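Student: Please construct the entire structure, taking both the sequences and the accompanying hints into account.
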Amino acid sequence: MNLDREALKSKFLNGSLGLTLISIALGFLLGALILLMAGFNPLEAYWVILKGIFSRSKYVSYVIIYATPLIITGLSVAFALRTGLFNIGAEGQYIVGAIMAAAAGYFFKLPLILHVTLAVGLAVIAGAIWGGLAGYIKARFGVHEVISTIMLNWIALYLSNFVVTLSAFGSQGTGKSYAIQSTARINLLSDWKISEAGIEFIRNHKILGDILKTPVNAGFIFAILLAVLVWYILNKTTLGYELRAVGFNPHAAEAGGINVKKSMVYSMVISGGLAGIAGALQVLGVSHRIAKLAAMEGYGFDGIAVSLIGNNTGAGSVLAGLLFGSLKYGGSKIQDAMQAPTEVINIMIGTIILFVAMPKLIRLILTILEKRAKN
Amino acid sequence: MEALIKDIGFIIGTTLMYSTPLIFTSLGGVVTERSGVINIGLEGMMFFGAFVGAAVAYYSQNPWWGFVSAGLGGALLGLIHAIACVTFAAEQIVSGIAINFLGSGLALFLSRLFFDGATQTLTIPKKIPLPFSFLFGEGKLFKTAGFMDLVFNRFATVYLAFLLVAVVWFVLYKTKIGMRVQAVGEHPEAVDTLGISVYKIRYGAVMMSGLFAGFGGAAMSIAVVSRFSNTLISGHGFIALAAMIFGKWKPQGAMLACLLFGGAKGVEIFLGAKGFPVPSSLLAMLPYILTIIVLVGIVGKTTPPAAIGKIFDKTNS
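So the protein lines, in turn, are chains A and B.
All letters in the first sequence, in the order written, are residues 21 to 395 by my numbering.
All letters in the second sequence, in the order written, are residues 1134 to 1450 by my numbering.
I should point out that these hints are in silico values taken from the structure, not numbers from a laboratory.
Any given hint could turn out to be false.
[As the list claims (entries may be wrong)] Dumping the calculated DSSO-like pairs for lysine-lysine here, alpha-carbon to alpha-carbon at most 30 Å: (1) Lys281/A <-> Lys1381/B; (2) Lys1139/B <-> Lys1407/B; (3) Lys312/A <-> Lys1333/B; (4) Lys1447/B <-> Lys391/A; (5) Lys312/A <-> Lys233/A; (6) Lys1383/B <-> Lys281/A; (7) Lys226/A <-> Lys312/A; (8) Lys1398/B <-> Lys196/A; (9) Lys281/A <-> Lys1139/B; (10) Lys282/A <-> Lys1260/B; (11) Lys1333/B <-> Lys1443/B; (12) Lys1443/B <-> Lys380/A; (13) Lys1307/B <-> Lys1276/B; (14) Lys196/A <-> Lys1407/B; (15) Lys196/A <-> Lys312/A; (16) Lys1381/B <-> Lys1447/B; (17) Lys1447/B <-> Lys380/A; (18) Lys1273/B <-> Lys1260/B; (19) Lys1398/B <-> Lys312/A; (20) Lys1381/B <-> Lys282/A; (21) Lys380/A <-> Lys1307/B; (22) Lys226/A <-> Lys71/A.
Note that this is a predicted model, so its numbers are computed, not measured.
Tutor: This is the structure in structure tokens:
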């Protein structure tokens, strides 16, 4: 019995899940310490955050809406990382996806399903090109993907800021593109919501009505399907096997007859396509347009955090994305409720990533604790 | 003709001003990467430095205290990065990403505490001084708004940045400690067998990179502008990182690459002021496109330090 427990414990601690959970706990602990030092009651703050996430169905709906793009950019980063590539460029791939979706959503007039498919499809292509370019120049010219994707992020940002100034695409001087057609939107029940029956329903059904007040959309369903797709490609296809082999050891993969350069390009194409979908879904489901960007919005960078916390897997990205989305949305509540800086969330996320990166430290702490417990 | 000379002076001057924060940070990148540690957290260090610089300059009413504190703030983040990467064998890029979240998170957290819930500081009472302003003006050596004034009447940080390029170059190539840093970045095991601590040198280099990145942030918040705000440092650290690689991991190369990025900004501002009919966003894109083209073109000629990104574990060697 005791042996079983020991075995289970060591499996938990040596496995990534255990280390991740400990890292998350340490992140919360450090967040609490910092709040305490700043003169706030951390328990109260965490209670406010918890209530801000779960106490109303509307909040839960917002958390899911917040989490959706993060899950998908997380999947994007995770996919490239499994091939050993660091896709800092999810941000830029997201932006070009958003541009394409906004353009396709506005310029075309098509029936619903077709319109959404076209907009998402074009966004995938744009993102795939953006990511694939970084993969190609890495494979062909040896330019490190971290640098090329940083450059491509900025090119995407300025490209986006350029297209919103075009008179065909947005009204002059507003810095915004025209809203996409209703047939390109993926919001659920949006017409019905503003019909008389819908208004009546929202008034009478507290929980469901509350949810309908938020921009509920099909994005989350896409995110889950994409997570399954990523899992399937990586674990059940030859391509995925080859990509993972390259990530594990490129020299061995090469020796084993895998075309490493080709794999890099494929990996970045798929990774970029995923980030492009994230941008598209945000436009089709939430913003319905693109606007001038004063700075990077951070969906791609947050996706890196999601991927790392989620241990670079499909399911991990979904869970980490939900965690990040919850903290981001719930964390914003402590500002009004108790004037505590909401940025404690960023500090917590940073801490979690830092500990995730240091399994050696966590094991050391655990060994010390164990020794103490024995004495 | 005179107008043209003035325009050129304006562009050069603005270029110098906008290159400065990048040069500081990029030099930080050179120092850490030459020791074999990737620091993608430069962005967060710069962000934090920009806040600390402005906050301390505001409360102490002395921009120099702000500048020094900004460096120390960056170095503190550098220490965290070093603990993670050098001592605990963390994946360097992952740790750097964590530093970026920590740097921006801490800066905004503290900003809200010290500036009444705002994510920006108040305007600082005194910016970094213009050290040569006594040379310019009515009845002085050079007249106001002339070429010389536009180019050389710049913040002290501008001069410091270029001075630091020379210092880093000298230390890296002409001193024993600089040679050791390079050796650690190329072949840590060999250095270790000579009885020199790889860990100590890497700790020093990574903290130094934080120091410089902190200076870079302050050069933005208390010289180029006169306050910190949440969008002030938005990717500058990443640009500095790219400039360092563009400059082939050399201080002088990094400086030139930073001047290119700063120059694009200078031209952009100039054309904007003149109402020139080229969309500023297309122009702003150019240096990034150029960087990619150049990186593709100089393939084979750039080699990062051999031990970069590799974990050195003394117990293994």
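Student: Take the C-alpha atoms of lysine 312/A and lysine 1333/B, compute the straight-line distance between them, and say whether it is at most 30 Å.
Tutor: 46 Å, violated
Student: Assess, step by step, whether the Cα of lysine 1381/B is no farther than 30 Å from the Cα of lysine 282/A, and give holds or violated.
Tutor: 27 Å, holds
Student: Regarding the pair lysine 1383/B and lysine 281/A, is the alpha-carbon distance no greater than 30 Å?
Tutor: This hinted pair holds, its Cα atoms lying about 29 Å apart.
Student: Verify the proposed pairing of lysine 1307/B with lysine 1276/B, using a straight-line Cα cut of 30 Å.
Tutor: 41 Å, violated
Student: Quick one, are lysine 281/A and lysine 1381/B close enough, alpha carbons at most 30 Å?
Tutor: 24 Å, holds
Student: Taking 30 Å as the top limit, are the C-alpha atoms of lysine 226/A and lysine 71/A close enough?
Tutor: 17 Å, holds
Student: For lysine 281/A and lysine 1139/B, compute the direct alpha-carbon distance and say whether it is at most 30 Å.
Tutor: 51 Å, violated
Student: Could you grab the alpha-carbon distance between lysine 196/A and lysine 312/A and see if it respects the 30 Å cut-off?
Tutor: 6 Å, holds
Student: Would the hint linking lysine 282/A and lysine 1260/B be met if the CA-CA limit is 30 Å?
Tutor: 53 Å, violated
Student: Need the status of pair lysine 1139/B, lysine 1407/B: alpha-carbon distance at most 30 Å?
Tutor: Holds, at roughly 13 Å.
Student: Does lysine 380/A lie within 30 Å of lysine 1443/B when you go C-alpha to C-alpha?
Tutor: 16 Å, holds
Student: Given the hint that lysine 1333/B pairs with lysine 1443/B, test it: the Cα-Cα distance must not exceed 30 Å.
Tutor: Holds, because 16 Å separates the two Cα atoms, which is no more than 30 Å.
Hints 3, 7, 9, 10, 13 and 21 from the list above are not met by this structure, while the remaining hints are.
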